[in-house]
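Start counting the sequence shown at 1; every next residue gets the next number (the UniProt record's numbering).
A hint or two may mislead.
With a cut-off of at most 27 Å between alpha-carbon atoms, the simulated DSSO-like pairs for lysine-lysine come out as follows [said to hold, decoys possible]:
1) Lys120 with Lys495
2) Lys90 with Lys26
3) Lys120 with Lys191
Pairwise CB distance ranges, derived in the manner of DEER restraints [said to hold, decoys possible]:
4) Leu397 with Lys215: 23 to 31 Å
5) Lys191 with Lys467: 50 to 58 Å
6) Tyr408 with Phe151: 25 to 33 Å
7) Tyr152 with Leu213: 16 to 24 Å
8) Pro91 with Phe172: 25 to 33 Å
9) Phe172 with Ile52: 17 to 25 Å
10) Tyr198 with Leu305: 38 to 46 Å
11) Gln92 with Ile372: 50 to 58 Å
If you're looking for bench data, these hints aren't it; they were derived computationally from the structure.
Idealized CB from N, CA, C, for every residue including glycine.
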Amino acid sequence: MEFSSFMIMSVSGASYMFSLYSRDIKSVLGYDQSTLNFLSFFKDLGSNIGIISGLINEVTPPWVVLTIGGVLNFFGYFIIWLAVARKIAKPQVWNMCLYIFIGANSHCSTNTGVIVTSVKNFPGTRGIVIGLLSGYLGLSAAIITQIYYAFYGNDSKFLILLMAWLPTAVTFVFLPVIRHHRGVQQPNDSKAFYNFLYTTLVLAGFLMVVIILQKSFTFTKSEYYITTSLMLLLLILPLAVVMVEEKKIWKRKQEHINSENPLKALNITTEMPNLEKSTQAPQKQASCWKSMFRPPSRGDDYTILQALFSLDMVILFLATICGLGGTLTVSNNLSQIGTSLGYSAHSITTFVSLMAIWIYMGKIVQGVVSEIIIAKFKVPRPMIFTLILVLPCAGYLLIAFDVPNGLYAASIIIGFCFGANWPLLFTIISELFGLKFYSTLYNVGSVASPIGSYLFSVRLAGYLYDKEATRQMAALGLKRRPGEELNCNGSECYKMAFIIITAVSLFGALVSLILVLRTREFYKGDIYKKFREEARTAEAEFCPTQNKNGQTAAYEG
1 MEFSSFMIMS VSGASYMFSL YSRDIKSVLG YDQSTLNFLS FFKDLGSNIG IISGLINEVT
61 PPWVVLTIGG VLNFFGYFII WLAVARKIAK PQVWNMCLYI FIGANSHCST NTGVIVTSVK
121 NFPGTRGIVI GLLSGYLGLS AAIITQIYYA FYGNDSKFLI LLMAWLPTAV TFVFLPVIRH
181 HRGVQQPNDS KAFYNFLYTT LVLAGFLMVV IILQKSFTFT KSEYYITTSL MLLLLILPLA
241 VVMVEEKKIW KRKQEHINSE NPLKALNITT EMPNLEKSTQ APQKQASCWK SMFRPPSRGD
301 DYTILQALFS LDMVILFLAT ICGLGGTLTV SNNLSQIGTS LGYSAHSITT FVSLMAIWIY
361 MGKIVQGVVS EIIIAKFKVP RPMIFTLILV LPCAGYLLIA FDVPNGLYAA SIIIGFCFGA
421 NWPLLFTIIS ELFGLKFYST LYNVGSVASP IGSYLFSVRL AGYLYDKEAT RQMAALGLKR
481 RPGEELNCNG SECYKMAFII ITAVSLFGAL VSLILVLRTR EFYKGDIYKK FREEARTAEA
541 EFCPTQNKNG QTAAYEG
């Protein structure tokens with residue numbers, strides 16, 4: 001199943017590519033920066049308002065939300081392509097906001113169907129699992145860009161068309177394999193996921209080299225075909241890991257078939273916990289309203305209302321708004337930032353690809369490093385989250401003060417932190433509030449993103465950009481005509497916005513430190529002990545059944 005998950009996530013990052021096609025929207029439809037940022041806000045809103053997807057996924061198989069996501073993706077981006085290609089009449093701004101909201105909302109369905117299912121299948125390695133899947137999502141912008149060059153050349157309008165049909169096609173091919181498995185976590189699951197990690201690092205390294213070469217040299221159509229073909233071969237490399245793991249699982253099945261006494265002993269121990277749970281369950285039942293403000297211990301399964309009204313969730317939510325708001329502002333406005341600071345169009349494309357690579361690195365590194373730090377040093381995961389809120393401030397200041405070639409370093413720093421933010425947030429939610437209602441709580445945490453995007457990208461950066469652009473036009477004795485795009489040049493366009501964003505990010509880090517203090521005792525314990533015990537119990541029940549009907553493990557696909 002994990003291979004199929006990787007394939008779906010590797011083409012599901014259309015929401016990260018707004019800066020690549022936003023110039024076409026701005027020029028063709030005659031938008032000013034505030035209107036463009038308002039459009040990007042609806043993109044962020046759509047890609048993060050997934051509570052409905054979460055509720056649907058609580059009661060249906062994963063293929064349902066994946067199908068919904070595929071349909072939404074094609075409809076939303078295809079209509080946008082028709083508008084930008086002038087194949088339909090110019091839509092009203094609210095129409096475009098609706099279309100991009102629909103297209104981006106597919107991101108929620110994909111994440112819910114793939115990531116939540118994988119975390120529930122492999123709860124003991126959730127940090128690495130979320131990091132890997134989010135990493136493929138981060139790489140997807142660079143992957144789609146390479147496919148776009150091979151298919152359509154440099155006509156960025158067709159990038160929107162590719163974003164419409166490619167993710168939908170890949171999702172429909174692999175969605176039958178994405179499902180919950182009753183199979184238990186194997187002892188070498190972590191090793192398998194580290195092997196998956198190595199294959200993705202090879203892919204990321206290849207993409208980095210290709211991006212640098214494409215910046216240095218002009219590629220022909222045939223050369224784009226060659227690099228894209230090599231990229232696709234590396235993309236399916238995890239299939240080799242799947243084959244090795246399937247062979248190991250087959251051998252393990254044979255060992256279970258040939259050993260009877262251990263299974264009998266295990267079967268004896270599986271009944272009592274279930275009986276205890278069934279006898280204690282009626283005593284624990286209570287009205288959800290009465291228990292709303294009496295949550296269980298951290299790590300146990302919270303109800304949705306208990307989690308929403310938890311102080312831990314409020315702190316995490318506020319810190320995320322402060323942190324993600326700034327990184328999203330850079331991601332959504334990277335093209336306009338580069339143009340205002342005098343970078344070429346080719347350099348701006350390079351920034352977007354570099355940011356995609358480093359978004360991937362952030363997702364991967366935090367997944368692996370945070371697991372090691374927590375296991376060895378018992379450092380609270382919110383402490384790592386706090387550091388990730390502080391680090392991008394260096395990138396914001398590079399942009400604010402227009403350091404020569406500083407946008408290269410800024411795109412790397414901010415991309416890394418933006419990538420690390422998401423899996424850290426989702427892992428912390430799963431650890432503090434349990435997995436029972438994770439489909440919904442996962443999407444509740446995502447709501448912080450569009451709030452931050454609206455406050456910092458639309459109300460702050462967009463407003464100050466247009467104000468400076470209007471001042472520059474007035475200084476030249478010019479007046480903007482209706483429907484004419486509004487452009488700003490120079491470091492003053494974004495200077496004050498990113499100074500303010502830096503201050504807010506530091507405030508978010510201080511808020512996050514409160515969560516560090518509140519959870520330090522929780523992380524000193526064995527936070528995954530419960531899942532190892534459940535795995536042993538499930539193995540006792542699962543192995544005899546497996547011997548009879550030959551169920552396959554969750555790596556298949």
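Here's how the hints hold up against the structure:
For the proposed pair Lys120 and Lys495, the alpha carbon gap of about 44 Å is over 27 Å, so the pair is violated. The straight-line distance between the Cα atoms of Lys90 and Lys26 is roughly 12 Å, inside the 27 Å bound, and the hint therefore holds. In summary, the hint linking Lys120 to Lys191 is supported, as the alpha carbons are separated by about 18 Å, within the 27 Å threshold. In this structure the supplied range 23 to 31 Å holds for Leu397 paired with Lys215, their Cβ-Cβ distance being about 25 Å.
At about 55 Å, the CB distance of Lys191 to Lys467 agrees with the hint of 50 to 58 Å. A beta carbon spacing of about 28 Å between Tyr408 and Phe151 agrees with the range 25 to 33 Å that was offered as a hint. Between Tyr152 and Leu213 the CB atoms are about 20 Å apart, so this pair conforms to the stated range of 16 to 24 Å. The supplied range of 25 to 33 Å is met by Pro91 and Phe172, whose beta-carbon atoms lie about 27 Å from each other.
At about 21 Å, the beta-carbon gap between Phe172 and Ile52 stays in the expected band of 17 to 25 Å. About 42 Å separates the C-beta atoms of Tyr198 and Leu305, a value consistent with the hinted range of 38 to 46 Å. With their beta carbons about 51 Å apart, Gln92 and Ile372 fall inside the hinted range of 50 to 58 Å.
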